[in-house]
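Enquirer: What follows is the residue order along each chain.
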Amino acid sequence: MNTLITTLFNGVSIGTVLLIVALGLAIVFGLMGVINLAHGELMMLGAYTTYVVQNGFKTYLGTESQGLYIWAAIPLSFVVAALVGLALERGVIRFLYGRPLETLLATWGVSLILRQFVRSVSWGMVGGLLAFCGLFFGGKWLLGKSARIPSYRQNLVTTGLFLLSGAIAWFVGSNINNDPQLARPWFSARNVDVTAPGWLQGSIRVTAGIQFPASRLFIIVLTLLCLLGVYLFLQKSAWGLRIRSVTQNRDMSACLGIPTAQVDAVTFALGSGLAGVAGFAVTLLGSVGPNLGVNYIVDAFMVVVVGGVGNLLGSVIAALGIGIVTYLLGSGTMVRLLGGADGGAVVSFFDFFATTSMAKVMVFALIILFLQVRPAGLFPPKGRSAEV
Amino acid sequence: MTQTTTLPNPAPVQAAPTLQISGLNVYYGESHILRNVDMTIPPGKMVCLIGRNGVGKTTLLKTVMGLLAPRSGRIDYQGKSLLPLPTNKRAKLGIGYVPQGREIIPRLTVKENLLVGLEAKANQKGNPLNADVPEDILQLFPVLKQMLSRMGGDLSGGQQQQLAIARAIMSRPQLLVLDEPTEGIQPSIILDIENAVRQIVETSGMSVLLVEQHLHFAQQADYYYAMQKGGIVDSGEASQLNSDVIQRFLAV
Numbered sequence: 001m002n003t004l005i006t007t008l009f010n011g012v013s014i015g016t017v018l019l020i021v022a023l024g025l026a027i028v029f030g031l032m033g034v035i036n037l038a039h040g041e042l043m044m045l046g047a048y049t050t051y052v053v054q055n056g057f058k059t060y061l062g063t064e065s066q067g068l069y070i071w072a073a074i075p076l077s078f079v080v081a082a083l084v085g086l087a088l089e090r091g092v093i094r095f096l097y098g099r100p101l102e103t104l105l106a107t108w109g110v111s112l113i114l115r116q117f118v119r120s121v122s123w124g125m126v127g128g129l130l131a132f133c134g135l136f137f138g139g140k141w142l143l144g145k146s147a148r149i150p151s152y153r154q155n156l157v158t159t160g161l162f163l164l165s166g167a168i169a170w171f172v173g174s175n176i177n178n179d180p181q182l183a184r185p186w187f188s189a190r191n192v193d194v195t196a197p198g199w200l201q202g203s204i205r206v207t208a209g210i211q212f213p214a215s216r217l218f219i220i221v222l223t224l225l226c227l228l229g230v231y232l233f234l235q236k237s238a239w240g241l242r243i244r245s246v247t248q249n250r251d252m253s254a255c256l257g258i259p260t261a262q263v264d265a266v267t268f269a270l271g272s273g274l275a276g277v278a279g280f281a282v283t284l285l286g287s288v289g290p291n292l293g294v295n296y297i298v299d300a301f302m303v304v305v306v307g308g309v310g311n312l313l314g315s316v317i318a319a320l321g322i323g324i325v326t327y328l329l330g331s332g333t334m335v336r337l338l339g340g341a342d343g344g345a346v347v348s349f350f351d352f353f354a355t356t357s358m359a360k361v362m363v364f365a366l367i368i369l370f371l372q373v374r375p376a377g378l379f380p381p382k383g384r385s386a387e388v
Numbered sequence: 389m390t391q392t393t394t395l396p397n398p399a400p401v402q403a404a405p406t407l408q409i410s411g412l413n414v415y416y417g418e419s420h421i422l423r424n425v426d427m428t429i430p431p432g433k434m435v436c437l438i439g440r441n442g443v444g445k446t447t448l449l450k451t452v453m454g455l456l457a458p459r460s461g462r463i464d465y466q467g468k469s470l471l472p473l474p475t476n477k478r479a480k481l482g483i484g485y486v487p488q489g490r491e492i493i494p495r496l497t498v499k500e501n502l503l504v505g506l507e508a509k510a511n512q513k514g515n516p517l518n519a520d521v522p523e524d525i526l527q528l529f530p531v532l533k534q535m536l537s538r539m540g541g542d543l544s545g546g547q548q549q550q551l552a553i554a555r556a557i558m559s560r561p562q563l564l565v566l567d568e569p570t571e572g573i574q575p576s577i578i579l580d581i582e583n584a585v586r587q588i589v590e591t592s593g594m595s596v597l598l599v600e601q602h603l604h605f606a607q608q609a610d611y612y613y614a615m616q617k618g619g620i621v622d623s624g625e626a627s628q629l630n631s632d633v634i635q636r637f638l639a640v
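From first to last, the protein sequence lines stand for chains A and B.
Reminder that position 36 of the first sequence reads as 36 in my numbering, one-by-one numbering, no gaps.
Counting from 1 along the second sequence, just add 388 to a position and that's the residue number in my numbering.
FYI, nobody ran anything at the bench for these hints, they're computed from the structure.
Check each hint, because a few of them may be wrong.
[Stated by the list, open to error] Here are the simulated DSBU-like pairs of lysine-lysine, each with C-alpha atoms no more than 30 Å apart in a straight line:
#, chain 1, residue 1, chain 2, residue 2
1, B, K617, B, K513
2, A, K58, B, K509
3, B, K513, B, K477
4, A, K236, B, K468
5, A, K236, B, K617
6, A, K140, B, K477
7, A, K145, B, K468
8, B, K477, A, K145
9, B, K513, A, K236
10, B, K499, B, K477
11, B, K477, A, K236
12, B, K533, B, K468
[Said to hold, decoys possible] A few chain A residues facing chain B, derived, Cβ under 7 Å:
#, residue
13, S146
14, A238
15, S245
16, C255
17, L256
18, G257
Glycine residues also receive a C-beta, built at the ideal position from the N, C-alpha and C atoms.
Next up, chain B with everything else stripped away, as it sits in the complex (with noise of 0.2 Å):
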C-alpha cells in the first residue's frame, strides 16, 4: 500500500486549488477520527473519495463545512484559511454542501427549500421569496417542477436528494460537496442524479468533493482518493479505478 499525500498533477496548476487540505486531525472527544489528511481538489475538477463506512469520510466533510473543528491542519480554500470561519460564512464563500440524509427543511415547501438556497449567494439583495427558481435548474431535475408547492418533508428519498442537489446549485458555488448523493436511491435515479451532476460540472465547470460507494458514479471523477482508519491510504487518476482498487478499499 503507497501513501500518496499529493496528487500526481498532470500539469502545474495556475490558480490556487479551489480546496486543499493540509495535515488534518480531528477528534471526536478522544477518539482520534481523521489521521494527517491530506488533499487537493484544483479548480473544475471532480474529486471523489472513497472508503468503507465509518472511515472517516462524512467526518472529513463535515469539518470542511465548519460543522465539526480539527484540532489540527490546515484547511484552504482558494488560497484562504476556512477556519477562522463559522459555517455560514464558509457557505457564503461558495461552498454547496448535500449531506449525507440529504437534510430537507421538512416544513418547507420545495420551492422555499430551493429559495433558501440563494442565501449562500454572495451578493444576495432583497427578499429571496420573491424570487424565481431558475430554469436551468428545474431542467436539471424535472421532478421537482411538479412538486414546487408540497411540503419538502412529504418528497420520497429521490426525490429528496435531488431537491438537496438543486438547493446547493441555487446559489451557483465554486465547490460542490457530496455526500453519498446516492445512498438508499434505486438505480434508475441513480443514473438521474448522475446525470444531472455531470451536466452541472460540465455547464458551470465547479469543483466537486463527492463521496461516493457506488462505482459507475465514482468513475466520473477526475481523481479518486481513498480512506481507511481516518487516513488517506491512495489516490491517483479516476480511470485507474478498477475492481483491484475498489476490491482493497469498498469490498466489505
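Bound-form chain A, shown alone (with noise of 0.2 Å):
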C-alpha cells in the first residue's frame, strides 16, 4: 500500500512539473500553433529572474527572512517572461504566422541569443543596450515627429541612424567595461544555486511509511492554481473569450471586430509568462544554468502532442501518464512488481531501462508506437470543427 502511494506521488510529482512546463507551451503552440523553441529560455529568464530576487531579499532583508523570496519571485517570473514573450512576438513572430518553418528557424535562434545573453550579460552590455535601443528608437520616433522624410529616403536615414547609435552604444558599452566591477558577467555561464526556504526543503510526514518533501508538494499546487487560473481567464475572462475565437478563426474574429493583433500579444504573453513560472518552480529542484530550457523543452513539446494540440484537458492527462510511466520504469518499479530481478526474460527487459535516462527511451518509443494508433494525440478536435 505504502508502495503503491509512493509510487502515485512520484509519479504525479514528475508530471506535475512536466505539465507546469507544458502549459505555457500548450497555450503557445496548442492554441495558437507557433512552434517556440525559445519556450526552454523564457522558463530559464524565470528561473535567473528567482535567482536574482532571492539575492536581492537577502542583501536586503538579511537571511532570516529571505526566505519569503518565493512570494515575490512568482509573479515576477511571470513578468518577466511575459514581458520577453511579449517583445518576442511584437518583433519577430508576428511577421512569421502561418510560416512554421520560419518560425522554427527564428525561435531557435532567438534561444541561442537569449542563452549566451545569460551568459554574458554585464553592466557594460546592459549599458550599451540601453543606449542603442533609447538612441535608435528614441530618434526614429523623434524623426517620424518632426522632419519630413520623404519615403525614398527613409531605408538610408534608418540605416544611418542604426549605425549612428550602434557606434555610440558601442563606446557607451566599452567605457563601462573599463571598469572591472562593472564589466564582470551578472552570472557567467556557471550553474548558480537558489536556496529554497526552510519550510520547502524538508519533508511532511503523512503516515509513519509516506513521507512527501514538501518542495514536490509545492510544486503539485503551484501546477494546480496555474492550471485553475488558466482555465478560469480562458472561459471567464472577455480577453479569454477573444483568445478562444481567434485561434479558432482569425479571419472571422476580425471581422467581429476583435483587434486580433492584440489578442496574438496577449495570448504569447501569457504562454510565456507560464513559462517563467515554470522556470520559478524547477529552482525547487535544481540548479539553475543557461542550458536549463534545453533539458525541459522536448518533454513539453512530447506532452502537448501526445495531449492533442490545443486541448488543455489533454496536456494535463498526458503530462501525468508520462509522469507516472516513467516513474514506473525509471525507478525500477516495474522490476519489483514483476517479482524481482531473477524473473525471466520479461524481467530483464525491464529491468534493462530501469534507470533515468533508459526510461525517457523507453518512454519515447511508448510515445511513437502511442502517435501511430491516435496520431492527433488523445484529444483529437471532433465533430463537424474538426474539418474547419
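Each of the two chains sits in its own frame; use the hints to bring them together as a complex.
Expert: Shown next, in the form of C-alpha cells:
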C-alpha cells in the first residue's frame, strides 16, 4: 500500500513538473500554433529572475526572512518572461504567422541569443543595449514626429541612425567595461543555486511509512493553481473569449471586431509568463544554468503533442501519464512488481530500462507507438469542427 | 447590355450613402478579379448583388470587410474612407458580416458565439460573457434558444446560418453584409431566414448588402446589381428582377 502511494506520488510529481513546463507551451503551440523553440529559454529567464529576487531578499532583508522571496519571485518571474515573450512576439513572431518553418528557425535563433545573453550579460552590455535602444528607437520616433523624410530616403535614414546609435552604444558599453567591477558578467556560464526557503526543504510526514518532499508538494499545488488560473482566464474573461475566438477562426474574429493583433500579443505573453512560472518551479528541484530550458523543451512538446494539440485537458492527462510511466520504468518499480531481479526475460527487459535515461528512451518509444495509433493525440478535435 | 454605373435614385438622398464603392479594382496576385466596380447602398435600403459563381461577388464583400486589399478605387462608409482601417475597426464602425460558409467559431458554445458578436459594439464595456443574449434576437431565431449551450461546430448547416446572422446583428450594425445566406439550406429554413432578414430590416432600419442566387429572396431587396466577369453589368430596382434578367445573369 505504502509503495503504491509513494509510486503514485512520485509519478504525479514528475507529471506536474512536466505539466507546469508544458502549460505555457499548450497555449503558445497548442492554441496559437506557434512552434516556439525559445520557450525553454523563457523558462530559464524565469529561473534567473527567481535567483535575482532571492539574492535581493538576502542582501536587503538578511538571511532571516529571505525565505519570503518566493512570494515575490512567482509573480516577477511571470512578468519578466511575459515581457520578453511580448517583445519576441512583436519583434519576430508576428511577421512569421502561418510559416512554421521560419518560425522554428527564428525562435531557435532567439533561444541561442538568450542563452548567450545570460552567460555574458554585464553592466557594460546592459548599458550599451539601453543606449542603443534609446538612441535608435527614440531617434526614429523623434524623426517620425518632427522631420518630413520622403519615403525613398526612409531606408537610408534608418540605416544611418542604426549605425550611429550602434557606434555610440558600442562606445558607451566599452567605456563602462573599462571598470573591471562593472565588466564582470552577472551570472557567468556557471550554474547558480537558488536556496529554497526552510519550510520547503523538509518533508511532510503523512503516516509512519510515507513522507512527501515539501518542495514537490509545493510544485503540485502551484501547478494546480496555474491550471485553475488559465482555465478561468480562458473560459470566464473577456480576453479569454477573444483568445478562443481568434485561435479558432482568425479572419472571422476580425470581422466581428476583435483586435486580432492585440489578442496574439496577449496570448503569447500569457504562454511566456507561464513558462516563467515553470522556471521558478524548477529552481526548487535543481540548479539554474543557461542551458536549463534545453532539458525541458522536448518534454514540453511531447506532452502537448500526446495530449492533442489545442486541448488543455489532454495536456494534463498526458503529463500525468508520462510522469507515472517514467517513474514506474525509471525507478525499477516495474521490476519489483514483476517479482524481483531473478524473474524471466520480461523482468530483465524492464531491468534494462530501469534507469532515468533509459526510462526516457522507453517513454519515447511508447509515445511513437501511441502516435501510430492516435496521430492527433489523446483528444483530437472531433465533430463538424474537425473539418474546419 | 447597358453599362449602368450609378443607381437611378428615385429621390435625392440627403445623408451620405451607407456604402459607396467607386472604381474598385482587386487582384489575386496578377489575375484581375474586380474591374472598376461601382456601387451605392443608400441608408436603410437593401441592395442585392446577383451573378453566377466565380464572378467576384464574395471578393467584393471581402474587400469591403478588409480581408482583401484593393489595388485602386474607393470604399466609403457613411462618407468616410474604409480603406486605411483594418478589418476589426471596420466592424466596430457598424458593419455586420455574415460570410459564405457561415464561419461559426466551432469550439465556442452558441451563446459564446453570439456574445462574441458584441465585440463590434462601439461602446461595449465590461466582460461580454456576463451579458445576456437580447430577447429580440432569440425571437428572430427561436431555434437558437434551445441550443445556447451546444458547441457552435455541432449545429446543422441551417442552424449555423441562423446563428451567423444573429451573431452579426448582436452589435446592432448599420450595414449588414450577407454572403449567400441560403446556400445549401433546405427550403423551409430558407423561408425562415428570409423572414428574419426582412424583419431585421423593417424594425432596425439597417442597410443590407445581400449576395443571393435564390430569386425569391433577391426580390425582397430595394435595388439589385448584376455582376459578370468582375464588373457590374446591370442595376436597377429589384422589382424589375424578372425571369429575363435572371436568365441573363444567373442561369447557367
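Enquirer: Could you run down the list of hints and mark each one as holding or not?
Expert: Against the structure, the hints come out as follows:
Annotation: proposed proximity of K617(B) to K513(B) is violated, straight-line Cα distance about 44 Å (limit 30 Å). With a CA separation close to 51 Å, the supplied pair K58(A) and K509(B) exceeds the 30 Å bound. Taken as a hint, the K513(B) and K477(B) pair is honoured in the structure, with Cα atoms around 16 Å apart against an allowance of 30 Å. Under the criterion of a C-alpha separation no larger than 30 Å, the hint pairing K236(A) with K468(B) is inconsistent with the structure, at around 36 Å.
Distance restraint check for K236(A) and K617(B): the Cα-Cα separation of roughly 47 Å exceeds the 30 Å cut-off, and the hinted pair is therefore not satisfied. The suggested pairing of K140(A) with K477(B) holds, with an alpha-carbon distance near 27 Å, which does not exceed 30 Å. For the hint linking K145(A) to K468(B), the alpha-carbon distance of about 25 Å falls within 30 Å, and the restraint holds. Taking the CA atoms of K477(B) and K145(A), the gap is near 24 Å; set against the 30 Å cutoff, the hint holds.
Proposed proximity of K513(B) and K236(A) is supported: the alpha carbons are some 15 Å apart, at most 30 Å. For the hint pairing K499(B) with K477(B), the CA-to-CA distance comes to about 23 Å; that is within 30 Å, so the pair holds. Between the alpha carbons of K477(B) and K236(A) the distance comes to roughly 24 Å, so the proposed pair stays at or under 30 Å and holds. At roughly 38 Å between alpha-carbon atoms, K533(B) and K468(B) are farther apart than 30 Å, so this suggested pair is violated.
The closest approach between the C-beta of S146(A) and any C-beta of chain B is roughly 23 Å, which is over the 7 Å cut-off, so the hint fails. For A238(A), the interface hint holds, the least distance from its beta-carbon to any beta-carbon of chain B being 4 Å, beneath 7 Å. Hint status for S245(A): holds, given a least beta-carbon distance of 5 Å to chain B, under 7 Å. At its closest, the beta carbon of C255(A) sits 4 Å from a beta carbon of chain B; the interface hint therefore holds under the 7 Å criterion.
Checking L256(A) against chain B: minimum C-beta separation of about 5 Å stays under 7 Å; hint holds. The closest approach between the C-beta of G257(A) and any C-beta of chain B is roughly 3 Å, which is under the 7 Å cut-off, so the hint is satisfied.
When each numbered hint is compared with the structure, violations occur for hints 1, 2, 4, 5, 12, 13.
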